[in-house]
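J.: Need the complex rebuilt from these two chains, each delivered in its own frame; the hints are there to steer you.
Line by line, the protein sequences give chains L and Z.
Residue numbers in the first sequence follow this note's numbering, run continuously in steps of one, and reach 279 at the last position.
Residue numbers in the second sequence follow this note's numbering, run continuously in steps of one, and reach 385 at the last position.
Hints were generated in silico from the structure; no laboratory data involved.
This structure is a prediction, so every number in the text was calculated from the model and none was measured.
In this text, a Cβ means the ideal position worked out from N, Cα and C, and glycines have one as well.
A couple of the hints might just be wrong.
[Unchecked claim] Just some of the chain L residues that point at chain Z, by a computed CB distance under 7 Å:
(1) F39
(2) T54
(3) L185
(4) P189
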Amino acid sequence: METKVIKQDGWRLFARTVIGRAYPRVVGTLRDLNWLFFDVFFPLVNMIGYVLTYQALKAPQEYVGFVVLGGAMSAFWFNVLWSMSTQLYWEKETGNLSLYIVSPTSMMAILLGMALGGMLSTALRAVVILGIGTWLFHVQYAVTSFWVLFAVFMLMIIALYGMGMMTASLFLLFNREGWHIANLFEPPVMLFSGFYFPVKTFGFWPGVAASIIPLTMGMDAMRQLAFPSGEATGLLPVRTEIIVLVGLCVFYLLAARWFLAYMEKLAIRQGKISDRLS
Amino acid sequence: MAEQVIFDKKPGAWRTFCVSTWLGWQIESNWTDLFVFLIYSIVWPLSRAAILVVMYLVIRGADFSNPEFVNMYLGNALFGLIGNVVNSVAGGIIEEREHYRTLKYLYVAPIHIPTYLVGRGVAAMAGGLLSLVTTVAFAAVFLHMPINFGQINWLLLIPAMLFGFIALVSIGLFLAGWALTIKNNPWVLGQSFSSLFFFVSGAVFPLSVVFGNWEWPGYIFPVGFWLVLTRRAIVPGVGHSFQMYTQLSDLQLLGLLALYSVVFLGIATLTFRMFDRKAREEGMIDMVSNY
Numbered sequence: 002m003e004t005k006v007i008k009q010d011g012w013r014l015f016a017r018t019v020i021g022r023a024y025p026r027v028v029g030t031l032r033d034l035n036w037l038f039f040d041v042f043f044p045l046v047n048m049i050g051y052v053l054t055y056q057a058l059k060a061p062q063e064y065v066g067f068v069v070l071g072g073a074m075s076a077f078w079f080n081v082l083w084s085m086s087t088q089l090y091w092e093k094e095t096g097n098l099s100l101y102i103v104s105p106t107s108m109m110a111i112l113l114g115m116a117l118g119g120m121l122s123t124a125l126r127a128v129v130i131l132g133i134g135t136w137l138f139h140v141q142y143a144v145t146s147f148w149v150l151f152a153v154f155m156l157m158i159i160a161l162y163g164m165g166m167m168t169a170s171l172f173l174l175f176n177r178e179g180w181h182i183a184n185l186f187e188p189p190v191m192l193f194s195g196f197y198f199p200v201k202t203f204g205f206w207p208g209v210a211a212s213i214i215p216l217t218m219g220m221d222a223m224r225q226l227a228f229p230s231g232e233a234t235g236l237l238p239v240r241t242e243i244i245v246l247v248g249l250c251v252f253y254l255l256a257a258r259w260f261l262a263y264m265e266k267l268a269i270r271q272g273k274i275s276d277r278l279s
Numbered sequence: 095m096a097e098q099v100i101f102d103k104k105p106g107a108w109r110t111f112c113v114s115t116w117l118g119w120q121i122e123s124n125w126t127d128l129f130v131f132l133i134y135s136i137v138w139p140l141s142r143a144a145i146l147v148v149m150y151l152v153i154r155g156a157d158f159s160n161p162e163f164v165n166m167y168l169g170n171a172l173f174g175l176i177g178n179v180v181n182s183v184a185g186g187i188i189e190e191r192e193h194y195r196t197l198k199y200l201y202v203a204p205i206h207i208p209t210y211l212v213g214r215g216v217a218a219m220a221g222g223l224l225s226l227v228t229t230v231a232f233a234a235v236f237l238h239m240p241i242n243f244g245q246i247n248w249l250l251l252i253p254a255m256l257f258g259f260i261a262l263v264s265i266g267l268f269l270a271g272w273a274l275t276i277k278n279n280p281w282v283l284g285q286s287f288s289s290l291f292f293f294v295s296g297a298v299f300p301l302s303v304v305f306g307n308w309e310w311p312g313y314i315f316p317v318g319f320w321l322v323l324t325r326r327a328i329v330p331g332v333g334h335s336f337q338m339y340t341q342l343s344d345l346q347l348l349g350l351l352a353l354y355s356v357v358f359l360g361i362a363t364l365t366f367r368m369f370d371r372k373a374r375e376e377g378m379i380d381m382v383s384n385y
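Bound-form chain Z, shown alone (with noise of 0.2 Å):
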């Protein structure tokens, strides 16, 4: 006799957010073998990242180590992992929605969809890392960037990395609830925002290179605290002198990205249950828009 399985409770919180994280994780890499996941998660970043170089060599020469281009090229590889997790958390609900039609049994499964939604984002977090370390390692090792793995400050990186996500995962939320509700090419959201913080961030330059003397875009979200603190952890010496935030010291800005986050986070919860309740009333659950 075949045995019995009896679910007398709903799966936890932590269960749903185990599951996506591994479903995820199996989205973003099981489309091929090992060596092609390799390759492609080395070779997109790597040419993003060898763009800027060239740009960077013919302008000014091959001193790679120069302190304005190691912010520089830090800021880019970092702002990968922007779009990475604020594009798969709100564009992984259009993905299930729309591409493989999956959406409406998740909603009538017994698990509360934004912890299905951070799960996926720690999926593309842990994809984004890969690439992330991989164009760290080829600037200390190939370009000679004064990159000293035991000299990174994990202290203010671990806690920045943390809130940083928190942050990114709370404004992927905020749009995957917004996109739910939208008719046509709502997938555009994300990638319009990742486009908005590359220049609010100071990415890859400072923000008075778009905005002159005034600093408050730069205080509207906190992706740019995050890639400062960032680039301050791995690099302590050439972060500091990156020219946004000078006049907040570390501990200040973690503070603030931990404020924002936390900020974020509410917002978050709030407007997604509020888009959530508009979809529902609207037919948008299983919407195909078929773009």
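Chain L on its own, in the form it takes in the complex (with noise of 0.2 Å):
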């Protein structure tokens, strides 16, 4: 008996590529139950850290809260650094990387399934971090607007994972070196974004030049929807931050387009698409 093999392309490849490779983020985290335990574990156990360090200097409750919200956003800032910057370095070293080159699918859909899988499994894990912090330390909240905050917490992953796609090919030229160097960003990132205290601290340029980063603009806007504190702790209205989120959305997912045509072509000329371990 033959089997009838239907050949997908255009926009139906892209989108069935989409879903295909956003599938195992979502589902396939979820057979691994001790996996989803520690991936809610680590960033909570850390956030506890922050906080009982606040409690040792006698911060205010506000900046508790903060922490909270650092915490909970420092699953995402994870996320896209582990599982999406570095996601075709460990699918070299894995050995699927140049499977995935062969395939006739375009490389643009494979990240954009692994980021809207990321972003929906991170989401989980994110909620639940808010929610035990919110209710083991008892943080208030001050919502001002639930949809604003909600459009300025999109905005955010939306940008955070389009930069997460665009370092993902700067990846494909790493080696051995590529888990340092995605070692070296995870604290500076969570120092200059503000993840624990408003980047306001730094000052107006330092905060200005910090916002490269989604998380910087994205946290301090919702720093100010959230807490009591409102606006006294921003670094820029809310509106502005949206408008330069709304920039780097569209910035991150061009650059992630291009980079991604160049560094495969680099990574191919250079003989690094199947090199491991060197």
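T.: And the structure:
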């Protein structure tokens, strides 16, 4: 009996690739519950450590709220850093990258699928971290507009994952140094994005410079919209920060497309697509 | 005619230790050139320290010579060393098995595996010390903390570092053995224990912040003794003001640290043997979970 194979192409192939790559991100991780547990556990423990540090310093309760929010958002940052930016590097290490390259689909669709799947599965973890943190430390919120807050969050996430898609192509050129480079970025971004304190502390221009990372503007706007101190802790007015976030979304998604095409060619030319552990 | 080399006896523990230390250092450092490695060794710990500095700055202002903050800062810097050593020993065996896939070759080589892992731990300690010195020097020069290199109590610091290293490597060995027998996510063991140590060691805040009047969590592992002793050795006046083990003198703390390190070494040696046997029987020496 012959099985008829329907060859997909065009937008259908693109869409099926996106779904196909997003699927293991959502369903696959739910199948390994201890992985899910540790993905929540480590950011949670990190967050508790910072909350207790503030409590040891006798900081106002609102700062505990900043840490809880930052702790929840750190799940997205870790996901983007370790499961987006470095993903093509991991795929190379496990031998899958050459299969992606020779498959008749778009690498942009593969990255988009990874991003969508990562967003969904990480959102679940972030909600758990936020819930536990809020309950454990009695965090009080004063949300002025849920819709604006949600819009800011979504813009921040789209820009952040766009940045992850862009940097994923850069990691195509890395071998053994890939892990170290990713590790190197972890604490400086947590410092300059203001995960645990208002980014305004650095002053205006350093804060603006740090806004190249979408989390900086996103979390600053979210703090203004969700906590009683409101605008007092903000670097820029929320409206301006929303405009900056829209700009970052467009910039990173376009840059991801351009970088991917360029880096893929460069990596093939340099023979780094299937070169592990060198 | 090519020279014939005859190996008539096993390499001794010392040779295994030296070679594994050298290899560990290569793994730690030769992924890039010296310049990038130095930047990495400086930026990473300084950024971590800077988070704490800014947190203190927004709450208390720029009074960085306050003894409370000096203890926090030093504890945070020293804690990096704990993570380095424990994770490199515990994670090293998994890295050999899963990432480089060389553990099976190490097992068939005529070497003593725990000695090999200790060597890896020394290399990690060297990398960690570089970061520690950078962080402490940064605090002394730019934050004007009362850290005077001429006033360091070396007679206390050297034995404290030695016993602390024995204790940390022992914990790492215990975890390495345990990790060998775990099928899924074995590397989380090192990270999990490092996280636990953060709360029971008084790295940044005293135990009372977490446990109130309970002091017993600080007596389960020797990491708290080590952190308090090294603080007391590096900044003698300030270190003694830290609100942990205040009833114990330097000598008593050193004695406790020495006792714990010997006990932990014994436990680690026995348990590693037990886990190792289990891993061999269940065919887990060359297992690749592919995570």
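J.: Can you name, in rising order, the numbers of the hints this structure does not satisfy?
T.: none
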